[in-house]
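Q: Here are the chains, one letter per residue:
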Amino acid sequence: MGATPLLELQRISLSFKGVKAITDISFTVEQGEICALIGPNGAGKSSLLNVINGVYQPDQGLIGFNGQRYQKMQSHQAAVQGIARTFQNIALFKGMSVLDNVLTGRNLKVKSSWIEQAFHIGRALADEIKQRQKAEEIIDFLRINQWRNSIVGTLPYGLQKRVELARALASEPRLLLLDEPMAGMNREEKSEMSAFILDTQREFGTTVVLIEHDIGVVMGLSDHVVVLDYGKKVGDGTPDEVRKSPEVIAAYLGTTH
Amino acid sequence: MIYRESGQFITSYQADHRIFKLYQQRWAFYALLGFAFVIVPFIGNDYWFSAILIPFLVLSLAGLGLNLLTGYAGQISLGSAAFMAVGAFAAYNFQVRIEGSPLLVGFVFGGVAAAIVGVIFGLPSLRIKGFYLLVSTLAAQFFVTWVLTQFGWFSNYNASGVISAPSLLILGHDFSSPAGRYLLTLGVVTVLAFFARNIVRSELGRHWMAVRDMDTAAAVIGIPILKTKLLAFAISSFLLGIAGALWAFTYLGTVEPHGFDLSRSFQILFIIIIGGMGSILGNFLGAAFIVLLPILLSNLSANFLAGVVDPGQLENLQKIIFGALIIFFLIKEPNGLARLWQLFRERARIWPLRF
Numbered sequence: 001m002g003a004t005p006l007l008e009l010q011r012i013s014l015s016f017k018g019v020k021a022i023t024d025i026s027f028t029v030e031q032g033e034i035c036a037l038i039g040p041n042g043a044g045k046s047s048l049l050n051v052i053n054g055v056y057q058p059d060q061g062l063i064g065f066n067g068q069r070y071q072k073m074q075s076h077q078a079a080v081q082g083i084a085r086t087f088q089n090i091a092l093f094k095g096m097s098v099l100d101n102v103l104t105g106r107n108l109k110v111k112s113s114w115i116e117q118a119f120h121i122g123r124a125l126a127d128e129i130k131q132r133q134k135a136e137e138i139i140d141f142l143r144i145n146q147w148r149n150s151i152v153g154t155l156p157y158g159l160q161k162r163v164e165l166a167r168a169l170a171s172e173p174r175l176l177l178l179d180e181p182m183a184g185m186n187r188e189e190k191s192e193m194s195a196f197i198l199d200t201q202r203e204f205g206t207t208v209v210l211i212e213h214d215i216g217v218v219m220g221l222s223d224h225v226v227v228l229d230y231g232k233k234v235g236d237g238t239p240d241e242v243r244k245s246p247e248v249i250a251a252y253l254g255t256t257h
Numbered sequence: 001m002i003y004r005e006s007g008q009f010i011t012s013y014q015a016d017h018r019i020f021k022l023y024q025q026r027w028a029f030y031a032l033l034g035f036a037f038v039i040v041p042f043i044g045n046d047y048w049f050s051a052i053l054i055p056f057l058v059l060s061l062a063g064l065g066l067n068l069l070t071g072y073a074g075q076i077s078l079g080s081a082a083f084m085a086v087g088a089f090a091a092y093n094f095q096v097r098i099e100g101s102p103l104l105v106g107f108v109f110g111g112v113a114a115a116i117v118g119v120i121f122g123l124p125s126l127r128i129k130g131f132y133l134l135v136s137t138l139a140a141q142f143f144v145t146w147v148l149t150q151f152g153w154f155s156n157y158n159a160s161g162v163i164s165a166p167s168l169l170i171l172g173h174d175f176s177s178p179a180g181r182y183l184l185t186l187g188v189v190t191v192l193a194f195f196a197r198n199i200v201r202s203e204l205g206r207h208w209m210a211v212r213d214m215d216t217a218a219a220v221i222g223i224p225i226l227k228t229k230l231l232a233f234a235i236s237s238f239l240l241g242i243a244g245a246l247w248a249f250t251y252l253g254t255v256e257p258h259g260f261d262l263s264r265s266f267q268i269l270f271i272i273i274i275g276g277m278g279s280i281l282g283n284f285l286g287a288a289f290i291v292l293l294p295i296l297l298s299n300l301s302a303n304f305l306a307g308v309v310d311p312g313q314l315e316n317l318q319k320i321i322f323g324a325l326i327i328f329f330l331i332k333e334p335n336g337l338a339r340l341w342q343l344f345r346e347r348a349r350i351w352p353l354r355f
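Going down the list, the sequences are from chains F and Y. Residue 199 in the working numbering sits at position 199 of the first sequence; the count goes up by one each step and never skips. Residue 326 in the working numbering sits at position 326 of the second sequence; the count goes up by one each step and never skips.
For the record, the hints were derived by calculation from the structure and aren't laboratory data. Backbone N, C-alpha and C define an ideal beta-carbon position, used for all residues, glycine too. Incorrect hints may appear among the rest.
[Stated by the list, open to error] Sample of chain F residues lacking proximity to chain Y, with all beta carbon distances greater than 12 Å (derived):
(1) Asp59
(2) Phe87
(3) His120
[Claimed, not checked] Pulled a few chain Y residues facing chain F out of the computed Cβ check, cut under 10 Å:
(4) Phe9
(5) Ser12
(6) Glu203
[To be verified] According to the in silico footprint, chain F covers these stretches of chain Y (three or more CB under 8 Å from chain F):
(7) 183–191
(8) 217–228
Using the sequences and the hints given, assemble the complete structure.
A: Rendered as structure tokens:
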């Protein structure tokens, strides 16, 4: 593991009109690890992801990413810094083809201006072909070749989840945030998606933070688990440590009072 | 049978990026262009040029402009005619104020002026969406007409606020004849259609569609929403502005601000709805439907029903049939004529087999 963590959250708090969603959460994610955020519904997991990539601005706390500290992140800035994500309810561009969706993931890598593209001069064609090559690599990697030209809205749910991962990977992210990548999937689809996530980490060295409810998958997949409950952190450690922690068991199974 | 890709393999990304991927498509398109540029000027008559082909082409261009904004970038607008008016009056003033200025530069100037006005009225789109945006573009519609009638300067102090087209000279060639005006319009529309097609298949086009389909996700993956939306307004209005200049110069010859009223905006909106949102071809099909069908209906009824039905009733009957046809097409294919054409092509590919 690297000397400095890739992501470091320091005492993050977030509230919506007085309702506390996240209270004083701190944890670090090392370079190249797969970190799982777990917790019951409404524990603040998705909100925390939204804070990390700048969809929400925290009331308090600092976000350290890649050696820099941010009081708040803007979503564009997060994308430029190399943070990509997928959403709990698929947020693909439904009217566009799979290929176009993956290509939009590379929007920050495009060098040619729109004038060059409109007149098909200068860097436009070479740039387009280069982006296409990179996009095709990701399409190969996630084995969605045969749906390349299909309109995303017409694809089944499991495939859409994979296309969304492809779009996120196309940006060559340093940190990948996956919000319930396996929600609503059957066993085969889950193991396929887990394999893709592991491959991503191994092949590209991408650091992954994911939210998942299937504890079996989480324990098998992640190097590091953070447990949230009611917006507070109740557990943080390796899967084994977390499994044994009394607070975590309490949060999940309840306790006798 | 005729339309099939058998034996044609795309082996490079460059080949896959072409507009027409099959050689049949390419040759059919070149043949159509050749026919329109070379044959039609000889076989067409003045009525066809002035009453059918020129308005068809200009409205196609206007539809194209609005389609970039609404069909591709997802921003609804009812200010199309206002941007056409800005283009027409700006091109006119450029010609009048600057002695001996080239006609085509005047068109570009009209387009740029419309683009600037378009960006100003596009600013609300950063905050509001959908029907609310529609209402704010409606403001453009009324404001522009008001300014152009209120201030005589724009029509060079013409008593009735009417502008007249200058002589249509390009490099010493006179394009004032009906065939010349047709060729000039066709040339401008062809160039701009390619310009638009290039944009929608490039990065900017993908940005537009991304903002249309899911703007929050677009922002998260790094697409600059502000720039994307304003560019959509600018480029859309640029095309509409040039369409307005053509409307004034090559179609009507003289035009007043009220020629670009709300009903014109609706007409352009209908063109893209009937033709197909998010399609380049759709604008031409939609404009053909809007321009040609009423003429066809009136010819048909004049020939077959002239003695049978009272002439006043006949006119109403035409409108009823036209409206019914619009409803029929929209029920049959809500995604427009372009989608029907696409389905037909897919069938033709495997004809005579069904699957």
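Q: Could you run down the list of hints and mark each one as holding or not?
A: Checked hints:
Against chain Y, the non-interface label of Asp59(F) holds: every CB pair exceeds 12 Å, the least being about 21 Å. Separation of Phe87(F) from chain Y is inadequate, the least Cβ-Cβ distance of about 7 Å not exceeding the 12 Å criterion. The beta carbon of His120(F) sits about 5 Å from the closest Cβ of chain Y, which is not more than 12 Å, so the claim that it is off the interface is violated. Below 10 Å, beta-carbon pairs count as interface contacts, and Phe9(Y) has none with chain F, the closest being about 15 Å; its hint is therefore violated.
Taking 10 Å as the C-beta contact cut-off toward chain F, the hint placing Ser12(Y) at the interface holds, the least distance being around 8 Å. Interface hint at Glu203(Y): satisfied, since its Cβ lies 5 Å from the closest Cβ of chain F, which is below the 10 Å cut-off. Only residues whose beta carbon comes within less than 8 Å of a beta carbon in chain F count, and the stretch 183–191 of chain Y has 0; fewer than three means the coverage is violated. Counting residues of the stretch 217–228 of chain Y whose CB falls under 8 Å from any CB of chain F gives 8; the rule of at least 3 is met.
Checked against the numbered hints above, the structure violates hints 2, 3, 4, 7; every other hint is satisfied.
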